[in-house]
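A.B. asks: Sequence:
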Amino acid sequence: MANDEVKPTYRPEVFQVKNLEHAKSIILTPEDSTTDERWEKETPYLADEAVSYLGLGPGMVVLDYGCGVGRMAKVLIERSGCTVIGVDISQQMRELAPAYVEDDRFTICARPAFEAMIAKGLRVDAAIAVWILQHCPDVESEIDVIKSALKPSAPLFVCNNLHAVIPTDLGWIDTGFEVKSLLADSFDEMSRSRLSTEFVAPLVSATGFMGKYKNKRD
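Be aware that the sequence shown starts at 0, since it is given in numbering that gives the first Met the number 0, and climbs by one per residue.
No lab work stands behind these hints: they were computed from the structure. Keep in mind it's a predicted model, so treat the numbers as computed, not measured. If a hint is listed, it holds; no wrong ones were tucked in.
Computed list of lysine-lysine pairs in DSS-like fashion (alpha-carbon distance at most 27 Å, straight line):
id, residue 1, residue 2
1, K150, K215
2, K119, K215
3, K215, K179
4, K179, K150
5, K119, K146
6, K40, K17
7, K6, K179
8, K211, K179
9, K146, K215
Generate coordinates for the entire structure from the input sequences, incorporating the hints supplied.
C.D. replies: Spelled out as structure tokens, the structure:
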């Protein structure tokens with residue numbers, strides 16, 4: 000008699016945090032560096048790339064999908080004067096984010112609330128998704144939400160692992176999804192490159208990518 004295959008169960012509890020420092024350690028794991036070093040060096044680097052590509056400025060509304068405590072949102076607002084809507088699965092991170100960002104141009108909600116906003120007609124001028132899609136159990140569903148929120152031809156900035164790896168009761172599991180291919184199915188790819196080792200550890204550069212996209216017209 001064949002053994003029954005044990006199927007892993009998604010465990011989003013890994014994103015439940017106690018405080019800001021705990022949140023930072025979950026958002027940016029060391030990866031041959033340290034959380035603090037990545038926070039200090041990587042954040043402005045990615046913000047520069049995002050602000051430049053997205054063409055951000057005052058009055059623009061940007062979606063920060065999987066925003067955590069607002070690491071990227073804070074810098075995008077400071078550098079461009081844009082308005083940011085953050086979306087995150089973690090209730091604790093959503094509670095920590097407003098105090099971290101400290102700007103009334105930032106709001107945050109869970110995915111169901113954001114989808115309700117889309118259903119009522121919300122469309123954003125641009126979007127970012129930084130180190131988030133690889134940890135989603137249904138990457139295609141998350142991409143669909145981002146796509147539906149963007150105006151036609153609006154830009155999307157992505158920083159992600161090459162493959163999806165999710166937290167389960169059996170540990171971190173590679174789902175086999177190639178994130179860059181899934182993105183290319185829904186968006187026009189403008190460019191895709193490795194992250195510069197001037198700002199990230201070689202391990203992060205080798206296993207991740209920076210992608211710049213535009214929403215396809217239906």
